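Here the protein sequences line up with chains B and H, keeping their order. With our numbering, the residue at position 198 of the first sequence is 198, and numbering never jumps. With our numbering, the residue at position 144 of the second sequence is 1144, and numbering never jumps.
Derived Cβ-Cβ restraints for the label pairs, each shown as a range:
hint	chain 1	residue 1	chain 2	residue 2	range
1	B	L2	H	A1105	41 to 47 Å
2	B	L85	H	I1025	45 to 51 Å
3	H	S1138	B	V280	29 to 35 Å
4	H	L1022	B	L85	42 to 48 Å
5	H	G1291	B	D178	30 to 36 Å
6	H	G1291	B	E170	33 to 39 Å
7	B	L2	H	L1199	54 to 60 Å
8	H	A1091	B	V5	49 to 55 Å
9	B	L2	H	G1036	57 to 63 Å
Note that these hints are calculated values from the structure, not bench results. Quick caveat, the model's predicted, so the values are computed rather than measured. Using N, Cα and C, we set each Cβ at its ideal position, and we do this for glycine too.
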Amino acid sequence: MLGSVFAGIGDGFLLFLIASGLTLIFGVMRILNFSHGGYFMLGGYFVYQAVASGSPISLPLPLFVLAVVGGALAVGVVGIATERLIFRKIYRLSDIASLLGTFGLLLVIEGVAEIIWGVNPMSVPFPTALGRSIVVGGVRVGTYSIVLIAVGIVVAVGLWALLWRTAFGERARAVAEDRYVCELAGVNTALVSTSVFALGTVLAGLGGALATPLIALTPDVATAFIIEAFAIVIVGGLGSISGAMIAAIGFGVADSLAITYYPPLSGVIFFILMFVVLLVRPQGLVSNARGLA
Amino acid sequence: MRAVLPERRAGEATVLGFAGPLIAIAVAVIPSVVSGATMFLMEQVLIQILFATSTNFLFGRSHMPSFGQAAFFGTGAYTVALLYSHVPVAALLLLAMAFSAVCSALIAAVSVRTRGIIFANVTLALGQGMYLLAFKTSWVGGENGIPGITAGSLSTRGIWYLTGGVVVAAVAVCWVIYHSPFGVTLQALREDAVRLEFLGVRVGRFRLAAFTLAGAGAGLAGGLFAYTAGIVTPGTMYWTQSGYPILMILVGGMGFFWGPAVGAIGVTLLLNQLSGHPGWDLVILGLVLIGVLLFAPRGLVGLFGSWFGRLSQKGLGVTAGS
Chain B
1 MLGSVFAGIG
11 DGFLLFLIAS
21 GLTLIFGVMR
31 ILNFSHGGYF
41 MLGGYFVYQA
51 VASGSPISLP
61 LPLFVLAVVG
71 GALAVGVVGI
81 ATERLIFRKI
91 YRLSDIASLL
101 GTFGLLLVIE
111 GVAEIIWGVN
121 PMSVPFPTAL
131 GRSIVVGGVR
141 VGTYSIVLIA
151 VGIVVAVGLW
161 ALLWRTAFGE
171 RARAVAEDRY
181 VCELAGVNTA
191 LVSTSVFALG
201 TVLAGLGGAL
211 ATPLIALTPD
221 VATAFIIEAF
231 AIVIVGGLGS
241 ISGAMIAAIG
251 FGVADSLAIT
261 YYPPLSGVIF
271 FILMFVVLLV
281 RPQGLVSNAR
291 GLA
Chain H
1001 MRAVLPERRA
1011 GEATVLGFAG
1021 PLIAIAVAVI
1031 PSVVSGATMF
1041 LMEQVLIQIL
1051 FATSTNFLFG
1061 RSHMPSFGQA
1071 AFFGTGAYTV
1081 ALLYSHVPVA
1091 ALLLLAMAFS
1101 AVCSALIAAV
1111 SVRTRGIIFA
1121 NVTLALGQGM
1131 YLLAFKTSWV
1141 GGENGIPGIT
1151 AGSLSTRGIW
1161 YLTGGVVVAA
1171 VAVCWVIYHS
1181 PFGVTLQALR
1191 EDAVRLEFLG
1201 VRVGRFRLAA
1211 FTLAGAGAGL
1221 AGGLFAYTAG
1231 IVTPGTMYWT
1241 QSGYPILMIL
1251 VGGMGFFWGP
1261 AVGAIGVTLL
1271 LNQLSGHPGW
1281 DLVILGLVLI
1291 GVLLFAPRGL
1301 VGLFGSWFGR
1311 LSQKGLGVTA
1321 GS
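Just chain B, same shape as in the assembly (with noise of 0.2 Å):
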């Protein structure tokens, strides 16, 4: 019990990874992304790349973390590029004809991962000394989640620390509030923008490259990880990355539940608990009508 709990958390944070980049864009770019499932799926692939030439079975713990950093930067440095290119363009579009346009480049992502990388289900093997489970005060954990629970943390951490403490988190925070105010002012909003997604995408790059190890990667990946994504954001309240990270580690904790006690639930209960919440608080758990929270 308290184990799969443990488990879960674990998924929680990684699913805040890719959750919080998404909110964060949201709030500051009013757009809800479908193609943040790509550059998550994009992280993976960009660890497979890395890690690829080496052994199938073992994988060294600094070539992970260095393939992970490098893999989460790379994804930024396209997210870069399609925020120039293509969502300039989209912001200026209604919700929906926007939600279309992010659809529109989930599709491209995907194809293009599908064109160098094939259908066929790659794998990275957990790097040494992580792929293991210890027993902690007699609950059994798994060290792997550990890691992610300490990488959601020092994520969490710094976002908050980033937002609420750095120059440039008061102008992405008044960006989200009124975007024209800023503009009015001086702020350089394209600039802002700009940098909101691409940190959005490296986090969900790094979310992406330290699922390598738990999933089989294929270009499918985008797909079904945006759709968790998204429950956990609307879940959350739109725009909020402390909701997120709520939502995301309840939602964890009750999808590994689901898997040890009852598997037929496991993924369903995302669309349970999102519809149990929104029929009762439809703005989400932590709900801040504009502006980041």
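Dock chain H against the given chain B, drawing on the hints supplied.
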């Protein structure tokens, strides 16, 4: 609420009067002149025309951007797949339509409380939930789905006539509903729901009805798909499949009754052309979607509509609607 001018309507009726017999003749002759593979492709075009046209009640008419229509398409397909050996074809198609309508009414009952992006997401999540259920439930075939579906004693040619007849009839019904006072009220719902509510229209009921109607059309299309393909897999319900009718609607032009049909023909044929190039099909579809949104928000019919309209003196219905 007289959104459609009578003379335009008369013009459309005249054109339909000419087009109707032509379509009937085409449906009758086609099996004699094309190969089996081409006939299958044309069946899929017809099915997608019905799917996209009924989905447009949500996009072009009432502004309920559903991202879960594939689930209702799949519901219809699975209804046929599970019962084909027990129920005659015509009755089973009606049953597939009715069952999808019931499912969509249930989902609408909760999702119509939300609007815009949240509505899109609630329908997306519920549709994906139905996909997962189909994927995990062994008595509906699980991951592999249900193969070997036959349409009673109907031959390949019989299935073609069935598909052609049902789609032509269903699209005609859609046309009548689209231009009926009900359809025009949906249009008003899209323009200004608050004002409509203020005027005393039960907006919630119209939303529910529109969603149920779209679900019924999707279910009928799905039932036909099961008969033509002979196999149903959970993949037909996967959420990206819900994006295709939307793509067709946008490519054709959501403001026009015939827009989705034009888009369905274009996108289905394009997909067929690209089927030998895995990956490229997605890239090109995605670029088409982005391109249409940015450069031709009124779709193909909107682009060529004025030219087309002048040609037929506003008779083809392409200038009617919004």
